[in-house]
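Trainee: The lines below spell out each chain.
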Amino acid sequence: MTVLVTGATGFVGGPLVESLLAQGTRDLRVVARKGARRERLDAAVSRHPEARVQRIDANLSAPADAARAVEGVDVIYHLAASMRGAPADMFLNTVVASQYLLDGLRGRKARIVLVSSFSVYGVAELPRGALVDESTPLEAHPQRRDPYAYVKLRQERLFRDHAARHPLELVVVRPGVIYGPGGSPFSSRVGLNMFGLFLGLGGRNILPLTYVDNCADAIVAAGRAPQAAGETYNVVDDDLPTCDAYLQAYKKQVRPMRSVPVPYPVLALLSRGLERYHAWSHGQLPAIFTPYKSASTWGGNRFDNSKLKAVGWRPRIATEEGMRRTFAWLREQTPAGH
Amino acid sequence: MSQKAPLKVALVGCGKIADGHVEEIRKMPARAEVAAVCDRELLMAEQMATRYSIPAYYDSYERMLETERPDVVHITTPPQSHVPLTRAALDAGCHVYVEKPFTLSYADSKALIEHAEKAGKKLTIGYTFMFDPPALEMRRLLAEGAIGDVVRVESWFGYGLGGQFGAAIMADPAHWVHALPGKLFHNNIDHLFNKLTEFIDDEEPRIRADAWCRRQQRFGDRRDDMHDELRITVLGKRTSAYGTFTAHVKPTAHFVRVYGEKNIMHVDYTTRTVTLEPGATLPSAIGRLVPAFGQALQFLREGRRNAAAFARGDFHFFSGLNRLIAMFYDCISADAPLPISTRDILRISLWMDRVFAQISPEKSR
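Protein sequence lines correspond, in order, to chains A and B. So the first sequence is numbered by my numbering: it starts at 1111 and just counts up by one. So the second sequence is numbered by my numbering: it starts at 203 and just counts up by one.
Hints may be right or wrong, so weigh each one.
To be verified - Coverage of chain B stretches by chain A, computed from C-beta distances (three or more under 8 Å per stretch; other residues unrestricted):
hint, region
1, 217 to 224
2, 244 to 253
What the hints assert, rightly or not - No more than 20 Å apart at the CA atoms, straight line, and that leaves these computed lysine to any residue pairs for SDA-like:
hint, chain 1, residue 1, chain 2, residue 2
3, B, K218, A, Y1387
4, B, K302, B, E400
5, B, K218, B, L245
6, A, K1144, B, D423
7, A, K1144, B, R417
8, B, K218, A, G1195
9, A, K1144, B, I371
10, B, K302, B, A381
11, A, K1144, B, L363
12, A, K1144, B, D470
13, A, K1144, A, P1197
14, B, K229, A, G1195
15, B, K302, B, Q419
16, A, K1144, B, K218
17, A, K1144, B, K312
18, B, K218, A, R1386
19, A, K1144, B, D261
20, B, K229, A, E1385
21, A, K1144, B, P480
22, B, K218, A, S1192
23, B, K229, A, A1397
24, B, K206, B, K229
25, B, K218, A, L1384
26, B, K218, B, L244
27, B, K218, A, G1393
28, B, K229, A, P1396
29, B, K229, A, M1193
30, B, K218, A, I1398
31, B, K229, A, W1390
32, B, K229, A, R1194
33, A, K1144, B, D427
34, B, K229, B, R420
35, B, K229, A, D1199
36, B, K312, B, G322
No wet-lab data here; the hints were simulated from the structure. The C-beta atom is built at its ideal place from N, Cα and C for all residues, glycine as well.
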């Protein structure tokens, strides 16, 4: 059985390959672009000399490359996605690339594990503190959210539409905030850095963290569980901190940093003002805050992982230990004097 | 502007720059409305239509032209497809806005402009910086005689290979930029030349180009053939110029310096400031002391002007694009002269040919 991993050089890619190899995958193909950073991937592969790992340099937004990548594979862990950039580029590299991947299968039977995101949930109108599980409705107004949410939502729909017409076993995995050494220190859920000042926007909201190795395990667990076909799984660890607690721990363990807490009512007011200003000025400043976006990101939800646990997943690294490792790594990256 | 119905606009090529076009067109609802978008990849057309609530989208250009019968077509595809798409739009009775670079060669550009003239339709090209606020201010000062007769011009265009577009080019040997005759320069040096045409009247000035590759990273494929530094000199009969394209100098600057018989003008497209060299008009040490204050006052004045524009909500990134589109639509509605003459489009196309003929990929290795 040949397993393909796209996005293998990405943040989750290395640990995912490690997790797959550790759990007995012997025939692996990974998409690793020339020029991409491959250290984590190479390290994972070198620890498992018993496995046959084929690295291919493929641009998935080119149909021929995508077809070459999926040729002969039985299982696809589809991690490749564009996280930033212009909306059209993100869409091309995520949704269109996915379409080419599916086209490359030519209707052949396969199992696809799609790594999606919490951002697909329509949480703007949920009450504060509401529990989000896999049955929570999807975002109904993607154009009111950021391009990433729109792109991931459209990507999920693409796979579901394809699965409805072809012999495709689709497993959708929706991780929360993936963190760990090599990742970025702050999700926007915690806050944003504006002109050198950190705005703490998350406050007492629960930060839905998943440590990168736990997340990789979760993707593999869902990918390998027979009963997961056609199912969706949230990925979030246990014993989660609040956004404030995470920020304080960062300041203590990585570096001191000036931050200003912005209470939600203030943010809501600011968002209304910025949305109006954006409309009046025809987009002179970007509408990074709108009431809808703010409610979606900072409204404060809790996320449920019980469905994932039902397929046997448990977080290997406790949150406290995950944060300790992450902050230790971040501290190493911080130049002296900061 | 006349009270006619808004022009019906269609756009082909739903990549990144298309967003800018649609956003600017939507700011002028009395002049035009975007009726449909097209991309050979239907999903790309769909995302554009979804994000901007555009009523129709297509993956067949012919079908879009036939069904929608637009007045104007904006072509925002990679340059390799500009000739066939423009011809088809002209044949369908549309006026056409083509993104730069116009075509791949002077011969193609010439044939395309003749085609438009034969069809009796208007053409323009995305030389938006010609209509950016600093360019307008520069022309006002020139008309006032602020620097006297122009002797030389310097045109500088900095580029960041680490930016979104640069990163996309570097990540993909199959990127269309690598297939252009002038590669990275082909997609950018219109912006060096379109600032010179108003100063150099010659049809074919003497052009000398030197290009090289400074970056160290090597891929072992066609990406290695791409130069990233370029120096051009343009010798006209009355005025001469030199241009720089650089992918390494930081900050990534974008300016024109106009050297006159009376003064030197610095036109900065990044900071949107236009300033004159102060020059020493007073004797001895005083003459060296005062100019810095004069310069500071000029920047203060420019900053104040920009702040006023910002307060009015008139300080947008795509100012020049907006103005060019508006002028183009007005020239269609009122049958007025084109915002950019076809002669200038052709001259730039010819000058670009001359540059690319002088630089060889071997030098970049």
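Trainee: Could you run down the list of hints and mark each one as holding or not?
Mentor: Against the structure, the hints:
Counting residues of the region 217 to 224 of chain B whose CB lies closer than 8 Å to any CB of chain A gives 4, which reaches the minimum of 3, so the coverage claim holds. Counting residues of the region 244 to 253 of chain B whose CB lies closer than 8 Å to any CB of chain A gives 6, which reaches the minimum of 3, so the coverage claim holds. Note on B:K218 and A:Y1387: the hinted pairing is violated, with a Cα-Cα distance of about 24 Å set against a maximum of 20 Å. Between B:K302 and B:E400 the alpha-carbon distance is near 18 Å, which keeps this suggested pair within the 20 Å criterion.
Proximity of B:K218 to B:L245 is assessed by CA-CA distance (about 14 Å); at most 20 Å being required, the pair is judged to hold. Of the pairs offered as hints, the one joining A:K1144 and B:D423 holds, with about 10 Å between alpha carbons and a cut-off of 20 Å not exceeded. At most 20 Å may separate the alpha-carbon atoms for a hinted pair to count; A:K1144 and B:R417 meet this at roughly 17 Å. Proposed proximity of B:K218 and A:G1195 is supported: the alpha carbons are some 9 Å apart, at most 20 Å.
Pair hint A:K1144 plus B:I371 holds up; C-alpha atoms about 13 Å apart against a cutoff of 20 Å. About 16 Å separates the Cα atoms of B:K302 and B:A381, which keeps this hinted pair within 20 Å; it holds. For the hint linking A:K1144 to B:L363, the alpha-carbon distance of about 17 Å falls within 20 Å, and the restraint holds. Simply put, A:K1144 and B:D470 have alpha-carbon atoms about 37 Å apart, too far for the 20 Å limit, and the pair is violated.
Taking the CA atoms of A:K1144 and A:P1197, the gap is near 24 Å; set against the 20 Å cutoff, the hint is violated. Of the supplied pair hints, the one linking B:K229 and A:G1195 is violated, its CA atoms being roughly 24 Å apart against a limit of 20 Å. At roughly 28 Å between alpha-carbon atoms, B:K302 and B:Q419 are farther apart than 20 Å, so this suggested pair is violated. Pair hint A:K1144 plus B:K218 does not hold up; C-alpha atoms about 24 Å apart against a cutoff of 20 Å.
Between A:K1144 and B:K312 the alpha-carbon distance is near 40 Å, which puts this suggested pair outside the 20 Å criterion. At roughly 25 Å between alpha-carbon atoms, B:K218 and A:R1386 are farther apart than 20 Å, so this suggested pair is violated. Straight-line distance between C-alpha atoms of A:K1144 and B:D261 comes to about 31 Å, which puts the hinted pair past the 20 Å bound. With a C-alpha separation of about 17 Å, the suggested pairing of B:K229 with A:E1385 holds against the 20 Å cut-off.
Between A:K1144 and B:P480 the alpha-carbon distance is near 51 Å, which puts this suggested pair outside the 20 Å criterion. Of the supplied pair hints, the one linking B:K218 and A:S1192 holds, its CA atoms being roughly 14 Å apart against a limit of 20 Å. With a CA separation close to 17 Å, the supplied pair B:K229 and A:A1397 stays within the 20 Å bound. The straight-line distance between the Cα atoms of B:K206 and B:K229 is roughly 17 Å, inside the 20 Å bound, and the hint therefore holds.
Between the alpha carbons of B:K218 and A:L1384 the distance comes to roughly 24 Å, so the proposed pair goes past 20 Å and is violated. About 15 Å separates the Cα atoms of B:K218 and B:L244, which keeps this hinted pair within 20 Å; it holds. Among the hinted pairs, B:K218 with A:G1393 is consistent with the structure: their alpha-carbon atoms are about 17 Å apart, no more than 20 Å. Note on B:K229 and A:P1396: the hinted pairing holds, with a Cα-Cα distance of about 16 Å set against a maximum of 20 Å.
With a C-alpha separation of about 29 Å, the suggested pairing of B:K229 with A:M1193 is violated against the 20 Å cut-off. With a C-alpha separation of about 19 Å, the suggested pair B:K218 and A:I1398 falls inside the 20 Å cut-off, and the hint holds. Among the hinted pairs, B:K229 with A:W1390 is consistent with the structure: their alpha-carbon atoms are about 11 Å apart, no more than 20 Å. With a C-alpha separation of about 26 Å, the suggested pair B:K229 and A:R1194 falls outside the 20 Å cut-off, and the hint is violated.
Of the supplied pair hints, the one linking A:K1144 and B:D427 holds, its CA atoms being roughly 16 Å apart against a limit of 20 Å. Restraint check for B:K229 and B:R420: not satisfied, since their Cα atoms lie roughly 44 Å apart, outside the 20 Å limit. About 24 Å separates the Cα atoms of B:K229 and A:D1199, which puts this hinted pair outside 20 Å; it is violated. A C-alpha spacing of about 15 Å is found between B:K312 and B:G322, which places the hinted pair at or below 20 Å, so the restraint holds.
The structure does not agree with the numbered hints 3, 12, 13, 14, 15, 16, 17, 18, 19, 21, 25, 29, 32, 34, 35 stated previously, though it agrees with the rest.
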